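Listed below are the residues making up each chain.
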Amino acid sequence: MVGATAYIMWCSAKNRVRRRLRRLREPRYLIGAIFGVAYLFFAVYGRMAPRRPSSSRSASPGARRAQSVVATMTASAPALGGLALLVAAAVSWLMPFGSGLLEFTQAETAFLFPAPIPRRSLLFYRLMRSQWAVFFGALVMSLAYPIATISARTRGLLSVWLLLMTAHVFFTGVTLSRPQLRRRSEHSQLLARVAVAVVFGALAVVLTAVARHLWDQPILNLTDAYKVISGVVATGVPHLVLVPFIAVVRPLFADGWLSFAKALGPAIAVYLITIAWVLRADEAFGTITEKLTDARGSQPSQRRARYQARSVGWDLALTGRAETPFMWKGALQTFRVVDRRVLIRVGIMIVWLTVVVSLFGRARGLAQALGLLATGAAIFATIIGPQVMRVDMRQDLQHLEVLKTWPVRAAAVVRGEMLWPAMVVTMVAWVCGAVGIVLSAATFSGASLSLRIAGGLAALILAPAFVVAQFTIHNTAALMFPAWVPLGMSRPRGVDAMGQRLFMLGATWLMLIFVVAPGAIAGGIVWFAFRRLIGAWILIPAAMVCTTVIALEVLMATEALGPAYERLDLSSVDRGE
Amino acid sequence: MAISVQQLRRTYGAFTAVDDLSFEVGRGEIVGLIGPNGAGKTTTLRTLAGILKPTAGRVSVDGHDLVTAPIEAKRRLAFMPDEPHLFEYLTVEEHLRLVARLYTVPDFDKRARELIGELELTGKEGALPGELSRGMRQKVVIACGLVRDASVLLFDEPLTGLDPIGIRRMRDTITRRARQGAAILVSSHLLHLVEEVCTRVIIMAKGHKVADGTVKDLATRADLAAAGSNLEEIFLQITGHAPQFTADEQDS
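Line by line, the protein sequences give chains B and U. Taking the numbering used here, I'd label the letters of the first sequence as residues 1 to 577. Taking the numbering used here, I'd label the letters of the second sequence as residues 578 to 829.
Possibly wrong hints are sitting among the right ones.
[What the hints assert, rightly or not] Calculated cross-link-like contacts (lysine to any residue; reagent style SDA-like; alpha-carbon spacing at most 25 Å):
#, chain 1, residue 1, chain 2, residue 2
1, U, Lys701, B, Arg321
2, U, Lys630, B, Gly313
3, U, Lys783, U, Gln757
4, U, Lys701, B, Ala317
5, U, Lys630, B, Glu401
6, U, Lys687, B, Pro27
Rather than coming from a laboratory, the hints here were simulated on the basis of the structure. Computed from a predicted model, the values in this text were never measured in an experiment.
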């Protein structure tokens, strides 16, 4: 199996490089590659030169303060790192995601599953194949570390590699064990339950201790929180339960080769124990790989979301506007992809977040903390929502062949594709924004009532305009540069693909400024002309003018996109891997 | 003519997939489009379906130009591709309802019921594509194409994934639709199906039309006399793949 694995790895790497070099003949990949290389140079290569921290005598007071904070943090960093790992381990049990190690391609399924090799060898194969990606990730992380010598970077590289591999294998174990929690086989069920009990038991011990400290001594800022948490996890039972997690991160904080060597032993021991645990779940591996074989046989190679047929209470009428079927389609996609288990887990996380906010907010008041949280969430939804919610042309490009046979105007297709996700993101922003307005007396106590309400309502009026403008830009990009848009849940790889993503991100933000500018100018004129007459309330009509102008721009843009949609032919687009 | 293709050319970059292709299909006709792999059959069908834009030439459906009046042309078309492209989050019934809405099908419920029964999808109305076998998914695509009164039906390998009963029913459905006045273009490698069902055959090779006529017409062509009246032999002969026999083998 080792020989076969090495052969596949060598051939894949060789052909991938050849393909990526060949596609540089196309301008879009070349531009992407230039951006990607430039980014790597400035972000990573620029840090290659060893830089020593400036001496205390010559450093500015600010720098000296920063150095002292870093020194304090370094002392308690392993314990805090261990805590972070523990939380990540617990979250991995709750989140419904599978390990990438168990994702076999169609070719792997076709060639390796029928081959006369034990199932454990398949896991070994995937482990080997994932090494390069993990190593590359570790390399980037070690290079990105700001102040370090070459030898410190080398130690960092090895530490991060080991850490990521341990996490990788642990996550595979979680994926294998999750279904075993409810199985009848006593052995596998016991193994899975012990693993869950260990992780959540340790988490309960640490969180109880932290919560007790926070209850006794309310905290005012992040430094307070840091001091309390690092104090709790550095001693007593919480420290004891964190030992295996601390062992994994300790090499990362070694300040020399000797201490690194000392820390490496326990870290490797934890890694080996994790591997042993995963291999003990052999029965589960057999079941899961059989499932994967069945699923892969009937599905394309791209990763796909899972859907569950359930009524969403919306029957599509047989007549009406051309955009409505697209909205309906988007609604079904959204509601059906959401798993009830995900909702429960999200609920648990919200409860947890509320508890944390309550504990942190005791000193200043819960209303202020929740108000800030809601306002932040509204801003986040408005700005990031359109990038995350891709239930539009970006996802439907994979169904373009079907869409193009439909007798629907191109502009209606584009508008219809955007309407549902824009509505969802706007609703989220509105709900969070409304909570923010209600609690604004506590959050923005310095502002007058009229300013808070008028400002809040103006923001709510502007939110859909910003959201729809961003969706228009993303969908325009999907139609104009389809090769740069990831299809479905797949993500193109390579330096050129990374450069393309960076380029697109920058271009999107630039476009947003251009789209919003006319509306902002029109709204600004209204505000300037009447602010002395009606005070803060002028913000509302100004926002309405701005939103109307942006809506008109969006309408014109979707009409103008028609020819691009008609011209679009994905079969002539080289999507790379 | 229901389908009219004039000097169609379609290129992908420097590669020409279809060149100078002209043909017509009248109402009630079933025309088989055959050719070796890479002949340009699927490109032709995808261009006719409005998925690809012709590089040159003209395609019209019931007199509506596919480039200048795409909505009217597409309203009359039903394309059934070889690979069933379905929305993973819509059930079988919802796929049919979506198509009915897009194409304005008046008596949808009755038609849907009939089609679901005809294509043996009964009991699967609420199933998502992920829960269906490939053959079943293919049937859903066919149902979506047939739920409306399309005057032009384009089939790309319509029998792929179907069981023997499904194949029989599909064959009957194609002939029945033609009798009802639809113009049908079928691309298939199953030459016995083409020979049995189609009223005319178009043979393509390397992006060009190399033959067009009934099997009987083709058999009487002087250059194909050696092939006899069997479509498979005619196809092999015309595409230059006819078996070469030695003198001894010919004697035997």
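query: Do the alpha carbons of Lys687 of chain U and Pro27 of chain B lie within 25 Å of each other, as the hint requires?
result: The given pair, whose Cα atoms are some 53 Å apart, is violated under the 25 Å limit.
- prompt: Holds or violated: Lys630 of chain U with Gly313 of chain B, Cα cutoff 25 Å?
  reply: Outside the cut-off at roughly 38 Å; violated.
field: Satisfaction of hint between Arg321 of chain B and Lys701 of chain U, Cα-Cα up to 25 Å
entry: 29 Å, violated
- prompt: Is Lys630 of chain U within 25 Å of Glu401 of chain B, Cα to Cα?
  reply: 12 Å, holds
message: Just to be careful, I want the Cα atoms of Lys701 of chain U and Ala317 of chain B compared with a cutoff of 25 Å; is the pair within it?
response: Holds. Lys701 of chain U to Ala317 of chain B sits at ~21 Å (cutoff 25 Å).
query: Taking 25 Å as the top limit, are the C-alpha atoms of Lys783 of chain U and Gln757 of chain U close enough?
result: Violated - the C-alpha atoms of Gln757 of chain U and Lys783 of chain U are around 34 Å apart, more than 25 Å.
In the structure shown, a violation is registered for the earlier hints numbered 1, 2, 3, 6, in ascending order.
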